[in-house]
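Asker: If you read the protein sequences in the order shown, they are chains A and B.
FYI, in this note's numbering the residues of the first sequence are 1 to 121.
FYI, in this note's numbering the residues of the second sequence are 1 to 339.
Derived by calculation from the structure, the hints in this document are not laboratory data.
Only a predicted model underlies this, so the values are computations on that prediction, with no experimental measurement involved.
Heads up, some of the hints might be wrong.
Straight-line distance between alpha carbons at most 27 Å, and here's what the computed DSS-like set of lysine-lysine pairs gives [unchecked claim]:
hint	chain 1	residue 1	chain 2	residue 2
1	B	LYS17	A	LYS81
2	A	LYS42	A	LYS81
3	A	LYS42	A	LYS78
4	A	LYS78	B	LYS45
5	B	LYS17	A	LYS80
6	B	LYS47	A	LYS81
7	B	LYS47	A	LYS78
8	A	LYS80	B	LYS45
9	A	LYS80	B	LYS20
Computed footprint of chain B on chain A, listed as stretches where at least three residues anywhere in the stretch have a Cβ under 8 Å from a Cβ of chain B [as the list claims (entries may be wrong)]:
hint	segment
10	49-63
11	70-83
Label-pair ranges, simulated between beta-carbon atoms [as the list claims (entries may be wrong)]:
hint	chain 1	residue 1	chain 2	residue 2	range
12	A	CYS22	B	LEU138	44 to 52 Å
13	A	ALA29	B	ASP164	39 to 47 Å
14	B	PHE159	A	ARG8	36 to 44 Å
15	A	GLN92	B	THR324	55 to 63 Å
16	B	LEU63	A	LEU25	24 to 32 Å
17	B	LEU160	A	LEU25	30 to 38 Å
18	B	MET241	A	ALA110	52 to 60 Å
19	B	VAL62	A	LEU98	33 to 41 Å
20	B	LYS45	A	ARG20	32 to 40 Å
21	B	ILE4	A	ALA29	30 to 38 Å
The beta-carbon is built from N, C-alpha and C at its ideal position, and this holds for glycine as well.
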Amino acid sequence: MIHTMLHRVEFENLRGELRRGCLVLAVLAALRDEECGYTLRKALAEQGLAIDEGTLYPLLRRLENQGLLASEWREQDKRKKRFYRLTGEGTQILEQLLGEWRDIDSSINAILAKQGARSWN
Amino acid sequence: MELIERYLQAVQFWLPKQQKADIIAELSEDLHAQIEERESGLGRKLKEAEVEAILRERGRPVLVANRFLPQESLIGPVLFPIYTFVLKIVFLAYLVPWVLVWIGMMTFNSTYRAHQLAHSWFEAVGSAWSSLWGTAFLAVGTVTIVFAVLERVQAKSHFLENWDPRKLPAVRNPHVIPRASASFELIVNAVCVVVWASNMYSPVTMISEIRISVSPLWPWFFWGFLLISLANTALAGVNLMRPYWTTERAAFRLLSDAAGAALFCWLLKANILTGFATANVSPERSVEITNLINMWAAKTFPFAVGVCIVIACANVYRIARLKTPAPGLTNAPSLGGVR
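Next up, chain B with everything else stripped away, as it sits in the complex:
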């Protein structure tokens, strides 16, 4: 029965060296016993197709062998949820910003766009795609290796089994604003308003012995920033008094952040610095440095846009969460009248 020998050889290939002979002898005996019984029932030798059907029923050799192997996993069930959680963080905190920055650079940075589009759009997208895959592969690979090592350590030391219920974090209500955070925001915004209003109005400022002059557009930025800071101070004050988010206040925060982001992005592109003067820098060098600063400010524009989008998304998410009834913890602290 050549077919049986071939089948057993294929099973044997996947078995551990020390047990090969023993397992194959037993499987061979079982197979021959089954065939012999079938043959005595039929009163004749089995045809090749009938033997083939028996082997097919027993399953693919690698699967048959696999049942004799110890159950192994690169990352086991204890660490797997943490592993997928970390992968999600890597995706959200690294790969998504990467894509956003690339889109920002292609949209707003003409030098970068010209360099990328030296040949064609197709090549530019292909090159970014392969670069993204390289980055993603490296990130996912690194996380996987770290968790595979942790799995081995955990299997030996069982470090995850030692835990203290009292060290678990307090029940978190995403709609509640911690008073410490509201107080901090209030202080920072109030200080900003005072310092800004008292020192930054003039388009010419003296810092130490450096005389800095900015563009005539400066008053627009000055008043815009002052208004936003005042609005944020007021919001932080209300948040301190009534420490939970409402849809109205979350929408207000979204508007103020959007206005601040727009103002800041505009500032980066506005060539706001017109010059500076100091004793030990020549006027020509001063012009050079001014141009360089404006150029680098303009170059950071795509990154600033990326950061602004992330902030806007966080604000939109907060509003969406407020509009969705929170599931789960029935004993969570009450919001005390949150709408």
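This is chain A alone, in the form it adopts within the complex:
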């Protein structure tokens, strides 16, 4: 029981570490189209990448400070909302990060394929 709980905690920690970098990529990719915080959160959740507001808003703020995002307060449905979108610099960085992402993905796949071939022999 305790072992299972520890295993679960360990898994959650590692999962959190793995997701952290991916979320930046997901947020940048999703903001190629303009979104406000709440709709962005919903869109990510619908794609299977649920992110809580305590993580999303500080992340948006950090990416904006880094010049990768730009934001603007506008009124929509009788409420003032803040809309985010990718900047030119953000677009370039996103392309580079996606390149990295594909490289990592193919490396991991290659490692798994090699191990799979070894275990089959």
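Mind docking chain B on chain A? Use the hints.
Answerer: Structure of chain B alone, referenced to chain A:
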């Protein structure tokens, strides 16, 4: 929705002044959007308990605010291992001896014990405990402040990033005895034996124009010290020829150190000095000074016991280390037949 306003106010309290309004406006918008969506799904207004559940899910205000704050630490990950290492040194080199000396004083120094126990044991222990905590607090506080300052300096100058792999210390094998140290021990012990044997046998010695006389117990101390010095000379000779520790030699060192410590502690309590005579000191004054020297020798006894315990612990640790297989560096120099 008073509950939401109260929640946002509590979050706002912890936020940096310049960003308060902006962050709260955004959080407020997100909260209201979530509530509105939930209400349109249910087709009614949310009850207070349901709003409460949403807020609870979002987390304690201070934690929510904390995520917007820059990550700060008093001592960062670069310096933290060094900081804990220094704290361990402070603990071992300062606080442990402090406790040992206090126990020694309480055990062997009757004046100190009487003073401490003027009221009760409880008060004596309480007073020592609070004094120890004061000392520990000061020591840990000082180390922490120094490292906090270093952290700020490191953040600006990155002085820890400039390092040279060639300046790293050589691979150390704790079982190897450096030849320089064995040679030094051999010379010091041999000189001690010669000087001691040729000058210290007589219970009456002349140093310059001072005639010093010691107690009739002196021959015991003389022969005891001579034997220990001879044993240490022999051990240093063997260590020079075969420069690595073995369990037998480490045990021999423990015995010789224990015997030396016992002899020295006994000497401090033995009123060994019986008198001295010199031209410009009257006999009465000479007796006074003799008594004073013996008294101070006796007073240093607890400290000597403390030092002896530390030496004994170091010897025991050496033996224990020899009995435990060393982990780690597989390419460390071979011990060449150490058992």
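Asker: Work down the list of hints and note, for each, if the structure agrees.
Answerer: Here is what the structure says about each hint:
{"no.": "1", "hint": "LYS17(B) to LYS81(A)", "verdict": "holds (21 Å)"}
{"no.": "2", "hint": "LYS42(A) to LYS81(A)", "verdict": "holds (15 Å)"}
{"no.": "3", "hint": "LYS42(A) to LYS78(A)", "verdict": "holds (20 Å)"}
{"no.": "4", "hint": "LYS78(A) to LYS45(B)", "verdict": "holds (18 Å)"}
{"no.": "5", "hint": "LYS17(B) to LYS80(A)", "verdict": "holds (22 Å)"}
{"no.": "6", "hint": "LYS47(B) to LYS81(A)", "verdict": "holds (25 Å)"}
{"no.": "7", "hint": "LYS47(B) to LYS78(A)", "verdict": "holds (23 Å)"}
{"no.": "8", "hint": "LYS80(A) to LYS45(B)", "verdict": "holds (21 Å)"}
{"no.": "9", "hint": "LYS80(A) to LYS20(B)", "verdict": "holds (17 Å)"}
{"no.": "10", "hint": "49-63", "verdict": "holds (count 7)"}
{"no.": "11", "hint": "70-83", "verdict": "holds (count 5)"}
{"no.": "12", "hint": "CYS22(A) to LEU138(B): 44 to 52 Å", "verdict": "holds (48 Å)"}
{"no.": "13", "hint": "ALA29(A) to ASP164(B): 39 to 47 Å", "verdict": "holds (43 Å)"}
{"no.": "14", "hint": "PHE159(B) to ARG8(A): 36 to 44 Å", "verdict": "holds (42 Å)"}
{"no.": "15", "hint": "GLN92(A) to THR324(B): 55 to 63 Å", "verdict": "holds (57 Å)"}
{"no.": "16", "hint": "LEU63(B) to LEU25(A): 24 to 32 Å", "verdict": "holds (26 Å)"}
{"no.": "17", "hint": "LEU160(B) to LEU25(A): 30 to 38 Å", "verdict": "holds (32 Å)"}
{"no.": "18", "hint": "MET241(B) to ALA110(A): 52 to 60 Å", "verdict": "holds (58 Å)"}
{"no.": "19", "hint": "VAL62(B) to LEU98(A): 33 to 41 Å", "verdict": "holds (37 Å)"}
{"no.": "20", "hint": "LYS45(B) to ARG20(A): 32 to 40 Å", "verdict": "holds (37 Å)"}
{"no.": "21", "hint": "ILE4(B) to ALA29(A): 30 to 38 Å", "verdict": "holds (32 Å)"}
In summary, this structure violates none of the numbered hints.
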